[in-house]
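Q: Could you build all of it, start to finish, from the sequences and the hints given here?
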Amino acid sequence: MDVMRAFRQARTLIVVTVRYLLGTRRVIPTALLASAPVVIALAFAVARIPTYDILVFQSLMVPLFLQVVLIFVTLVNATTLVREEIEDNTLPYLMTRPISKPAIAVYKYVGYLVAVLVLLVPPVVLAYAVTEGHSGDPMTADLDVLGALLLTTVLGSVAYGALFLFLSVLVRKPLAVGLLIGFVWESVVSSFPGDVPKISIIHYLKSIIKDLVAVGPLTNYTSDISTGIAVAVLVGFSIAMLVLALFQFQQMEFRQKA
Amino acid sequence: MSDVVETIGVSKWYGEVLGLNTFTASFGPGITGLVGPNGAGKSTLFKLLIGQLRADQGALTMLGENPWNNVPLKRRLGYCPEHNQLYGWLTGQQFVETLLRLDGMPTTQAARSAKDALEIVGLSNVRHRPTRTYSRGMRQRAKLAQALAHDPEILILDEPLSGADPLARVHILRTITEFARNGGHVLMSTHVLYEIERITNNIVLIHNGKAIATGDIHAIRALIDEHPHAVRLVTPRPRDLAQALAGMEHIVSFEFPALDTLLVRTRKPDSFYKELPKIVVDHGLEVHGLESPDDSLEAVFRYLVG
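First to last, the sequence lines map onto chains A and B. Quick note, the first sequence lines up with residues 213 to 470 if you use this note's numbering. Quick note, the second sequence lines up with residues 2 to 307 if you use this note's numbering.
Quick caveat, the hints were computed from the structure, so don't treat them as lab data. Just so it is clear, CB atoms sit at the ideal spot from N, CA and C, and this is done for glycine as well. Treat the hints with care, since some could be wrong.
Listed next, the stretches of chain A that the computed footprint assigns to chain B, with coverage defined by at least 3 CB atoms under 8 Å from CB atoms of chain B [what the hints assert, rightly or not]: (1) 305 to 313; (2) 454 to 467.
Partner residues are not named here, just some residues of chain A that face chain B (Cβ under 7 Å, in silico) [to be verified]: (3) R217; (4) R220; (5) Q221; (6) T224; (7) V228; (8) T236; (9) D300; (10) T302; (11) S438.
A: Listed below in structure tokens is the structure:
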């Protein structure tokens, strides 16, 4: 019976979280941004740009999708999971249910993952399809590119989400701190010499693309990390961030805003 | 410890501010009112009881258990927060039903229980409206519905009547009374004494984080009645009015703070208000304004704390 109860609680909180992140007006800006790759690909196709091909597609996707869209969408959604409940004074409703604080955070995180993947995956697939269609290539022609982008989208969502969730239980203004990390640190870290770039999520995402894609803008990216290692690091990092977030959340007191 | 709620020497700091100051009180079965002015520590105590805060000092139990991170205890507890925030994008039905499902209730049962709870609080005809469209009174009732929908043993209600319209007040008080009549325990906070007087005789007075009086409300009111009650009268002839009122045996003193003002101190405010109109009319006097600086709970507490 306890397993059934836990399953019901998990399903309820996951569904409610997904509905909130995707079913309210707050989804509009993130959905519009997530659709940017599709819009751009369609624009090139409609304008019949002859040089638009899978290489140009990759040149767009890495800076635009990975380093802007992915980070923004995960930041906005992950930081609201707990912090918004605290700021909106709705957390007491959850905390007075027979469900532990770590479980609340985990179920909301799963709901976040479902929601952001719904936002991010279809545009990647659609933009790829438009690109291949425009250049007259079959959909299976560059599956390594599609596979690499999908894998980095999933892993990026997991890793950034865990990081931003931890930030949201650690600091009162997680959005500001997240913006600094996501759009400043993650942007400039690749320029640092030595092993410094390894202290970033984007380095491992780029390493995966470099390793999986035969020819692309990241072919000469400075990294000797294989896909396997990158996946393991990102998964391990995400687990560590989640554990820290759950521990912090468990110990937190909530004074409630006046 | 055997009372529903027991607190012994509980203190809670917010930085340098003391929210509760060696608070010691017991709350027995039935309905107990926690009465105190704003900032007295009522909400702090409730947050400690629901496990949202942890006491810095002292011991606190609810239904015999420490509430901090106590998941099983939450099943026995229903909480109605002071703030009026709900999940505005959910309907009333969805709001209560979702929280019931978070209790682990199966979907069908949760839907039925949510419907029943909303009917009890008088929100049946609006249960399919988003809660962001609810009036303040409706929000209060929706909060109460989610607190009692899962049939808890104890209800903790933080200012449940605050901002409620008269109809909502009737529904809320009726619901609370019925819950207690069916064996439930209620701990309800308010800063308005007459609100709690209507449904219980058991109160705890809290001021500056301390319990300053507990017990039967009539005994506490008798304590208050020992201290003269001030009434300010605006009249063009204050000295004539004072002379006319001097015959009342319960009058303690007169003061003339302004040319058109008479300040009366009386031991029996009810008798004073009852007799005043006849005296004014019989002596052909005029009273243009009347107010009691003592009508606020703060004045009561000033008397009790000295």
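Q: A separate judgement is required for each hint: does it hold in the structure or not?
A: A quick look at each hint next to the structure:
1. 305 to 313: Held - the region 305 to 313 of chain A has 9 residues with a Cβ nearer than 8 Å to chain B, which meets the minimum of three.
2. 454 to 467: holds (count 4)
3. R217: 3 Å, holds
4. R220: 5 Å, holds
5. Q221: 5 Å, holds
6. T224: 4 Å, holds
7. V228: 6 Å, holds
8. T236: 5 Å, holds
9. D300: 5 Å, holds
10. T302: 5 Å, holds
11. S438: It is violated, given that the least Cβ distance between S438(A) and chain B is near 42 Å, above 7 Å.
The structure fails hint 11 only (numbered hints given earlier).
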